[in-house]
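With the sequences and hints as input, model every part of the structure.
Chains as they are written, first to last, in my numbering: chain A, 2 to 360; chain B, 3 to 284.
Be aware that one or more of the hints could be misleading.
Across the chosen pairs, the derived CB separations fall in these ranges [said to hold, decoys possible]:
1) A:Asp222 to B:Ala104: 47 to 53 angstroms
2) A:Arg134 to B:Pro127: 53 to 59 angstroms
3) A:Arg134 to B:Ile212: 30 to 36 angstroms
4) A:Asn70 to B:Arg189: 23 to 29 angstroms
5) B:Ala104 to A:Ala211: 34 to 40 angstroms
Covered by chain B, according to a simulated footprint, are these stretches of chain A (three or more residues, beta-carbon under 8 angstroms) [unchecked claim]:
6) 100–114
7) 127–136
Some chain A residues judged to face chain B by a derived CB distance under 7 angstroms, without partners named [what the hints assert, rightly or not]:
8) Leu54
9) Ala87
10) His91
Note that these hints are calculated values from the structure, not bench results. Virtual Cβ for every residue (Gly too), placed ideally from N, Cα, C.
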Amino acid sequence: MATLNISSLGKVYPGGVTAVSDVNVGIDDGEFIVLVGPSGCGKSTILRMIAGLETITEGELQIDGRRVNELEPGDRDIAMVFQNYALYPHMSVRGNMEYGLKNEGLPKAEIAKRIAEASRTLRLEDYLDRKPRQLSGGQRQRVAMGRAIVRDPKVFLFDEPLSNLDAKLRTQLRAELKALHQRLGATFIYVTHDQVEAMSLADRIIIMNAGRVEQIGTPMDLYLRPATRFVADFIGSPAMNMFEGTVGEDRQSLVYHGAEQVHFAAELPVSAGQSVIMGVRPEHLQHAAEGQGQMDLTVGFLEQLGADTVVHGTLNGGDNVLSIRLHGVQTSAPGTRLPLTFAMENVHLFDAQNGTRLN
Amino acid sequence: MVENRPFLTFLTHAVLILGVVFLCFPVWMALVASTHGPEALSRSPIPMWFGGQMWENYSQLLAGGLPEAGGVPIGRMMFNSLIMALCITFGKIAISIISAYAIVYFRFPFRMGFFWMIFITLMLPVEVRILPTYDVVVKMGMLNTYAGLTVPLIASATATFLFRQFFLTIPDELVEAARIDRAGPLRFFWDILLPLSRTNIAALFIILFIFGWNQYLWPFLITSDEGLYTVVMGIQRMVNSGESLPVWHYIMGTAVLAMIPPVLVVVAMQKLFVKGLVESEK
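Right, here's the structure in full:
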C-alpha cells in the first residue's frame, strides 16, 4: 500500500515531441485513480512512466516518499495489467502467475500459498494448468490480474484492461475490479478512454487532453463543475449541450446570430457582450409549459431507451444541435417545438476563447 | 470452389498418382539396384524388382571398406556427415538466434549497420567466397579437421533474418510484462523467447540439417584425409573411380543410406515444422 507523489512530470521524446507536460498530483494510499482522455492524450504515457517502461524526462515520481525515477520496473514494487493481457503464451496459468515470484526468489510454499489465494479470489482454480490460448478473453484478463495480485505490489497499474472485451463482460469485470480494490485496499491507477468506466470506478479522475491535465477531481466534481469546456464535453452521455454566443445587454440572455436564443432566470456572472459558451446537460433540461420556456427545441429524432427517452433536435430550429433526456417513454413528432426550462445551478459557462469555466 | 464430379475426382487422382510415380521412380530404382549383384546392372534390361543380394551389399557397405571409395567404410562417412550436419545446424541456430536477439532487443551504436552487414552476406553464397574462405581456413590450420568442415558454414544471414522477423512479431507488452516480473535480459531470452521460438527452431533445424548433410563442394575442398570424407563425397568418388566400371550396386546402396538421416529428421520433426511454417498465434 502506498502513496504516490507526481511532481512536474513530463515526457519529451528525443525528436522533441512533447507527449506529457507538467503533471502534478498526489495519490493517497488505497485510492482508485482513473486517468481518462481521448486517444493520444498522454494517459498511457503517464502510466508507463509510473511503471518504469518509459523514462521520465522531466519532473519526479515518488512512491512512498522515495524517488523512483531511475529504478527498473521490477524494482518499483508495482504490477501492471495490460490491454492485450500480455500473458506468456507457452506457460500455464500457474506458470504465468508464479513467474514473477520465482524471479523474486520467494520460497516455494509462499508462492503456492499466494497462487491459491489469488486463484480463489479470481475463480481461476479450475484453470491453473491450462494454457492462455485455451481461455476466453475474460478469463485471460483475470489471469493477468492474478499475476498482478500475487506479487502483492504497492501500486496496481491497469492499461485499458477491459477494452478488448465485449460490453457485457466489461460490465461484469468492472464490478469485479471494484470489489477487488475494496478487498485489497491497494492503490490502483487505471487508464481508460471510456468515461463510463472512469465514472463508475474512480475515487478520483485525472482527465487529460493533449498531454495536459484538464482537471483532477471526484467523478461528481467533474460532472457537476467541469473546470473546462473539454471536461464538460467529455464527461456525460449523451454529451452536454453547448452553445456559443454573446451575453445579452441585460446579462440574462445568450445572443447568437443577432437573435436571443436562451433566456436565463437570473443575471449571469459575466459582463454583457462577452463571448461565452453555455453548457447544460441533456438530463437537466425539463419540458416547460407553453410560454414558460427559456429555449425551444425543434424535435429531430428520438432515441427510445426504455427507462429514458433522448430527444435530439436543434435549438430554436437553428444550426445548434440540442438533445434532452426525458424520463420514461415519451413521444414527440419530428418538427414539433418543445419549450424547455432549466435551473440556474445547472448552467455551465465557459470562455469562448480558452474554454475555462466562468461561473 | 469444390465440384463433386466423378470424372474430375478421377482426373485429379490420376494426375496426383502420376506425379508420385514420377518422383518416386528414381528412389525405387536406387532401392532395387542396391539389392543386385554388379553384373545385373550392366545388362539390359536393368532389373525392376529386388534381387537377392541386399544383405551382402549393405553389410559390405557398412562394415568393410570399399576400395572404390578409398577403403573407408560407409559407416565412417555417415558419421562424418552427421557430425558436420549437426555442428552446422546447432551452430547456425545458436549464432543466429543470439545475433537476432541483440539486433531486435538492444539499442547499441550501429545496430542497423550490423544488421545490414549480416543481411548483405545473404547475397554471397559459399561458392562466391570460397577462395578467400579456403585461404583463411588454411592459415588457421583447420584443413582436415571437423572445425574446418563446419565453422565456415555456420555464419547464417538467413536464419538471423528469420529470427529477427519472428522476434519483431512478439508483442512489446510481453517484454514489458517480463521486465515488471523482474526478468533480466538473459532470463527473458531463456524463459520466454527461446520457448516461443520452439517451432521456428524446429523448422530451421530441418532445413539446416539437410543443407549441412548435402554439402559437397566445401568438404571436398577442405579434406584430403580419407577418415574425414562425408557420405556425399563418397558417392561421388565411387562414380568416378577411374579405370574400373562403376560399382552401381554399391553406389545405389550408399545413396539409399545417405537418404535415411534427412528422412528421419523430417519425419521426427514434421509436426513442429509445419506448425512453425503456418503458426500465427502468439
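Hint check results:
1. A:Asp222 to B:Ala104: 47 to 53 angstroms: holds (50 angstroms)
2. A:Arg134 to B:Pro127: 53 to 59 angstroms: violated (40 angstroms)
3. A:Arg134 to B:Ile212: 30 to 36 angstroms: Between Arg134 (chain A) and Ile212 (chain B), where Cβ atoms are some 31 angstroms apart, the hint holds.
4. A:Asn70 to B:Arg189: 23 to 29 angstroms: holds (24 angstroms)
5. B:Ala104 to A:Ala211: 34 to 40 angstroms: holds (37 angstroms)
6. 100–114: Three-residue rule met by the stretch 100–114 of chain A, so holds; n is 4.
7. 127–136: With 1 residues in contact (Cβ-Cβ under 8 angstroms with chain B), the coverage given for the stretch 127–136 of chain A is violated.
8. Leu54: Since chain B brings a Cβ to about 5 angstroms from Leu54 (chain A), closer than 7 angstroms, the hint holds.
9. Ala87: Holds, because the Cβ-Cβ distance from Ala87 (chain A) to chain B comes to roughly 4 angstroms (cut-off 7 angstroms).
10. His91: holds (4 angstroms)
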